[in-house]
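J.: Listed below, chain by chain, are the residues.
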Amino acid sequence: MAQLKERPKPFLLPDYCKGCGRCISACAKGCITFDKEIDAATGYVPVVIDLETCNACGLCMDACPEPYGLRETPVDVDFELQDPAKLFGGKTTSAPEPVEIPNTLIPLPRTEPLVIKGNYASAIGALLAGCRHVFGYPITPSTEGAELMAKLLPKLDGTFLQAVSEVAAVNHMYGSGGAGYPCMTFTSSPGFSLMLEGVSYMIGAEVPGVFVNIMRGGPGLGNIAPEQSDVKLACRGLGHGNTHAITLMPSTPQEMLDLTMLAFELTFKYRSPVILLGDGYLGQMTGKVMLPDAMIKPGIPKWAVNGDANHRGNLISSIYLSEHDLEQHNIYLNDKYRQMAENESRCETFMADDAEILIIATNTPARASKGAVQDLRQQGVKAGLFRPITVWPFPVKQLAAILPHVKQMVVVEASNGQLEDEIRLALSNAGVTTLPAITNVRHFGGMLPQQTEVLAHVKAILAKEAR
Amino acid sequence: MSVFYDKFQRHSEGVGLKGNSTHYCPGCGHGLAHKYLAEAIAELGIQDNTVLVSPVGCSVFAYYYFDVGNTQAAHGRAAAVALGHKLSNPEANVISYQGDGDLASIGLAETVSAAQLGAPITVIFINNAIYGMTGGQMAPTSLMGQSTATSPDGRSMFNGQPMRMAELIAGLDGPVYVERVALFDAKNRRLAKKAIKKAVQCQVEGRGYAFIEVLAECPTHLKLSPEETEKWVKEQMVPVFPLGVKKDLAVDPWWKRPSPDFEPAHMLKAAGASSDAASRYCEAFPTHLNPLDISLKLAGSGGDGAQTAAMLIARAAINEGFDATHIPSYGPESRGGTSYADVHVAKDEVLNPASPHPDVLIAFNAPSLAKFGPTVVKGGTIVYDSSIVKDVPEGIDPSVKVVGAPFTEIAVDLGKAVVKNIVALGALQAATGLFPKETILAAVRQALKDKCALIPLNEEAFAWGVKAVEEGRK
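Keeping their order, the protein sequence lines are chains A and B.
Residues in the first sequence are numbered from 59 upward in steps of one, following this note's numbering.
Residues in the second sequence are numbered from 594 upward in steps of one, following this note's numbering.
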């Protein structure tokens, strides 16, 4: 004979009832009514249940919106029913403490140089750094990066998703990076503008991800020729809030690969997005690219929301409702920015040790500037090049160290002074108040400053001085 | 075991009553949807493999309650975040929980494109016809005539009409299961519970994308009692948003993604890297063209093969241990219009990759020769296609060596017009002596290593190009 099991009747701690009364209409027996008095602890009028007529149909429990509102009366309990710690359990979660799975370095044999475009070099750098998840929206002059990823990732059992927009792309990255995977996108200036909301969220929620922005002419639709007009966005305008991100500026196809790999290292080291800014030429230009001697198989970080038991207790979020908590979070982020500045400010100098004329440039204009320095040295002019590799954090200590013998700084860039602004701000923040004269060679709209122009500019300065 | 945390630690540190009660107002539909979702996760046994994406809106704090992996997304972007998770972590069950402002207004593009993509995620859409978090403003699903903080005189035609999301999503090809449910009475609550579980199950089984629209109550902002709100949903909302299954396809499980491959040999193959050292034929840098850095420009129409020829010169130079760069013209005009390539070959390092004043110009047509001929430096060289260009234009410096060769004619005679760029390289070699013949030919063979059958034709084209210049054939 089948055993009849008695169904549990409802049970309610008045403190956890908000008095909405949705259970009242759910009960066909009319067992539930509002209490007569306001509960002192909650300020609500809870319901009361008359269990005499209850047939344990359970509909009231299905109608209660509170997880710990109306619930089944516990059976066979020997504790006092009114003790929430015992009734609900004292532990926040039963999820285990997550375990860190570290990256593995896999050696590669020596290979002959590749002859590839900068966009391809960056894509291959990302693959070597362990990235198998790429999200992007086609935009010239960065598109070949996405195209190569779409071609190669299926061969490496990875995923390329063409997003519906740059807004979606950055949020795919938020999901993927939050799951602990190295992910990236290729974009260009107008697309980068669209991604900035997501970048702010990634910084706030500490989600890693690499943004390769092959800059083109602006503002607005502008054109597709090279500019360096997103230095301001990367250094000063990463969405809302107190945001910063390490911003790398390569100057050769080789560096497109090397710095993309570095970007992945740094994005996980600091749990913060990293930006790689190249002018349009760097994306499009083909050149010699050597592969490194090792590639990376990524692990899974402790903090990842990886969709398994190990990481169940984790949360990716940028919301801090209490002002105090948000201030603490900002202080914590600021400390991270300080560490980035201390450890990751990078630059390259060329004949700068005794330079009296110091040319400062990044990306392709730095190559032209190097050529100009060589020309000037041949003509007996003490010229040198300072090339920031990170434009944020700006390598101000390195610059300040060579400034004492510099008489003239010449900033060469394809923007209306965005790099120069960074230099001036960095020096000012560092307390360097005695500055040499600063002049510039600038182009906009898709032309890059040429070696001959830099040379002519410096010679004009010298001629003026001689007069 | 419940899928809700035993104690809501993230809700004001779990202190006092907040440790076990939600932040929702009395009578709010969110709590019910939360309960049914938690029950579905528990019954399907997937708590350890579930990631919940919380939106912006009243359910921004869904992660206070669900003891699963949690991510809080930007306003409207929950579906995009969920997809990022799902594609990276295909075994995880990813649930995007969103309200009407989030899903149907600011995030409409992300919502629709995720649905059409069809990857198995579960979207729970809470439609209460009003904005809650910001305080009772008009939602995309607010009813006609409904008075809200931003439609104080009632929603009119000027504000547009309510969005029927379940129907919109069901009209797409991607989703496998779409249903609209409600919470206003016991029968509908039972259906809602069943639908939510089925939507999650679709994902667990890898059958596809599922979307559940839940008509929910917001007593606070409708300024009604919870009981009146239930009635309002039943009488006012349901006629506009009909309940029921909108789509339920019998689709076999299909979702399976491989684990990423980190095999070094596969990586190198994908990158096109090879350990075979290229042979060198050059004894010294061709200083007769420029002591340190030779600037070349190749110009023609799209389809002339200028970019490929440019790549081959760069490849050849790098094989010889020099530095080289190639910048193509790119963008709309490169698809069929004019096509220019700037190439530099440097002894040590290319410093200026652009070629505004080339040492060498290869011109495939008359406009290219007219445009760039005058930019060639004094003492430079021009090689042009004499089958296309009949007259050398004026404006070229008299010191420039101008050599014509019938690129197209030779290529057509060989039976393949596309090899005219290789004829051009032969002509370049003969006219300038940039590299030994073998240097260019080795680069050609390297480029054709996967299409070996084409190598003899290309070698022939190159030889004819050389011969045409040597014999002065026009």
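Take the hints with a grain of salt, since some may be wrong.
Unchecked claim - List of simulated lysine-lysine pairs, DSSO-like, C-alpha gap at most 27 angstroms:
1) B/K940 x A/K213
2) A/K355 x B/K1009
3) A/K87 x B/K824
4) A/K213 x A/K67
5) A/K209 x B/K849
6) B/K862 x A/K209
7) B/K983 x B/K862
8) B/K1067 x B/K1042
9) B/K994 x B/K940
10) A/K87 x B/K780
11) B/K1067 x B/K994
12) A/K94 x B/K824
13) B/K983 x B/K1042
14) A/K209 x B/K983
15) B/K862 x A/K213
16) A/K67 x B/K780
17) B/K611 x A/K87
18) B/K611 x A/K67
19) A/K440 x A/K394
20) B/K994 x A/K355
21) B/K1067 x A/K440
22) B/K790 x A/K67
23) A/K94 x B/K1067
24) B/K1044 x A/K213
25) B/K1009 x B/K971
26) A/K94 x B/K816
27) A/K440 x A/K517
28) A/K213 x B/K1042
29) A/K67 x B/K983
30) A/K517 x B/K971
31) B/K611 x A/K209
32) A/K87 x B/K849
33) B/K816 x B/K840
34) B/K1067 x A/K360
35) B/K790 x B/K862
No wet-lab data here; the hints were simulated from the structure.
J.: Hinted pair, alpha-carbon criterion (27 angstroms max): B/K862, A/K213. Please report holds or violated.
T.: Satisfied, since the Cα-Cα distance of roughly 10 angstroms is no more than 27 angstroms.
J.: For the pair supplied as a hint, B/K1067 and A/K440, is the alpha-carbon distance within the 27 angstroms limit?
T.: violated (51 angstroms)
J.: Is it true that the CA of B/K611 sits at most 27 angstroms from the CA of A/K209?
T.: Status violated; Cα separation ~51 angstroms.
J.: Could you grab the alpha-carbon distance between B/K862 and A/K209 and see if it respects the 27 angstroms cut-off?
T.: holds (13 angstroms)
J.: Can the restraint linking A/K67 and B/K780 be considered satisfied, given a maximum Cα separation of 27 angstroms?
T.: This hinted pair holds, its Cα atoms lying about 20 angstroms apart.
J.: For the pair we were handed, B/K983 and B/K862, check the Cα-Cα distance against 27 angstroms.
T.: violated (46 angstroms)
J.: Would the pair A/K209 and B/K849 pass a check requiring their Cα atoms to be no farther apart than 27 angstroms?
T.: The given pair, whose Cα atoms are some 19 angstroms apart, holds under the 27 angstroms limit.
J.: Does A/K87 sit within 27 angstroms of B/K611, going by the straight-line distance between their CA atoms?
T.: Measuring from Cα to Cα gives roughly 31 angstroms; hence the hint is violated.
J.: Holds or violated: B/K994 and B/K940, Cα atoms, limit 27 angstroms.
T.: holds (23 angstroms)
J.: Can the restraint linking A/K440 and A/K394 be considered satisfied, given a maximum Cα separation of 27 angstroms?
T.: violated (38 angstroms)
J.: Are the Cα positions of A/K67 and B/K983 separated by 27 angstroms at most?
T.: Violated: A/K67 and B/K983 sit about 100 angstroms apart, past 27 angstroms.
J.: Please work out if A/K94 and B/K824 have their alpha carbons no farther apart than 27 angstroms.
T.: holds (25 angstroms)
Going down the numbered hints, you'll see the structure goes against 1, 2, 4, 7, 8, 13, 14, 17, 19, 20, 21, 23, 25, 29, 31, 32, 33, 34 and 35, while the others check out.
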